[in-house]
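2 protein chains.
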Amino acid sequence: MWTNWLTGCNDKANTVFGTRNGDGVTVLDTLFGGVAMIELKPIGIIRTPFTEPQGMPIQPAGADGVKGTIEVFADYRAGLKDLEGFSHIVVLYHFHRSNGYKLQVVPFLDTQPRGLFSTRAPRRPNPIGLSVVQLDAVVDGILHVSTIDILDETPLIDIKPYVPAFDAPEATRIGWLDTLEKNVSQKRSDRRFLRD
Amino acid sequence: MWTNWLTGCNDKANTVFGTRNGDGVTVLDTLFGGVAMIELKPIGIIRTPFTEPQGMPIQPAGADGVKGTIEVFADYRAGLKDLEGFSHIVVLYHFHRSNGYKLQVVPFLDTQPRGLFSTRAPRRPNPIGLSVVQLDAVVDGILHVSTIDILDETPLIDIKPYVPAFDAPEATRIGWLDTLEKNVSQKRSDRRFLRD
Chain A
1 MWTNWLTGCN DKANTVFGTR NGDGVTVLDT LFGGVAMIEL KPIGIIRTPF TEPQGMPIQP
61 AGADGVKGTI EVFADYRAGL KDLEGFSHIV VLYHFHRSNG YKLQVVPFLD TQPRGLFSTR
121 APRRPNPIGL SVVQLDAVVD GILHVSTIDI LDETPLIDIK PYVPAFDAPE ATRIGWLDTL
181 EKNVSQKRSD RRFLRD
Chain B
1 MWTNWLTGCN DKANTVFGTR NGDGVTVLDT LFGGVAMIEL KPIGIIRTPF TEPQGMPIQP
61 AGADGVKGTI EVFADYRAGL KDLEGFSHIV VLYHFHRSNG YKLQVVPFLD TQPRGLFSTR
121 APRRPNPIGL SVVQLDAVVD GILHVSTIDI LDETPLIDIK PYVPAFDAPE ATRIGWLDTL
181 EKNVSQKRSD RRFLRD
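Protein chains in written order, with my numbering: chain A, 1 to 196; chain B, 1 to 196.
Some hints here could point you the wrong way.
Unchecked claim - Think about it this way: if two alpha-carbon atoms lie no more than 27 Å apart in a straight line, the pair counts; the simulated DSS-like pairs of lysine-lysine are:
# : chain 1 : residue 1 : chain 2 : residue 2
1 : B       : K41       : A       : K102
2 : A       : K41       : A       : K102
3 : B       : K102      : A       : K41
4 : B       : K81       : B       : K67
5 : A       : K41       : B       : K81
6 : A       : K102      : B       : K81
Said to hold, decoys possible - So these bits of chain A aren't anywhere near chain B, every CB distance computed over 10 Å:
# : residue
7 : G55
8 : K67
9 : E84
Since the hints were made in silico from the structure, they are not lab data.
Fair warning: this is a prediction, and the values are worked out from it, not measured in the lab.
Ideal Cβ positions, reconstructed from N, Cα and C, are used throughout, including at glycine.
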């Protein structure tokens, strides 16, 4: 398999990178000394009015009424059946404009450094974004959504149905956001998490 | 760079695979004819009582009181600062026991095929799982959590603070789950999404 893979033979490449079982990871293990990587592939693209990070809302709460579309690639559209029945969906996507990460960051909503994992900052060890958005319609593999806080041309990773019984427990504490959360609808992003 | 990468030189490997900017993707583009991959690396490991998928709860709603730990690798622990202030966290993880995917599946909660993206089934084009769990304590880089529905030894991808204003909109429709959701706390998984 090596020879074929190293020469870029496509079917072998798919064997190594295209499957979702352990094989690709095992091969990378061998190559890079015990670092088990996980391979994701974009399954669509997200279109929104936000072509630049500067000035966009930092959460759906700040994107009330903002409309966008999620274009699922043709190969995956059969998986959209039954999705229209849900008023909201969980969208996972790649923070494709984010670069590297720091373990302490000053969030858009705060003025002092916080631990990265206590924030939603895009520069993360694994730059995967999560937004719960309103699903208005599904037409020919294109999801029409509202209250979307995602950058235009963001690669789509996954769509899950939003189910309050699964996803919306009663939170009793929201940490450093406690006094700041109310500002989220006014707050806009800047360039702090972009490539330098 | 090629020669070094193909011979497995670690620092070059990091250049290609370890960064979170576009470089790795660009290289894979070249290699595999336009398939832009996204590379993730486990940042920790999740420990739960569920060593086998069979019989485990299928959502946190069915895992009331079940306790587990999330061991964040030492390199990332500085990012856990301030997390203790949150009663719940969003956990992203790799469905490491899942194999391939089908675009129509019969969910644990149903008896007929549904579109994959209208389900939470683990066999997905990008096998990333999402659970909102209760955070009880953070001790030496280990998160003690409750109401966890995740398989033991699952690779951790990301941790985000759970903030109702961001993550818990008022859902008006939950599609095919409408009449079935009430069963989730009793329902247990089986082997249908495992490797054959």
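Numbered hints the structure breaks, given as an ascending list: 5, 9
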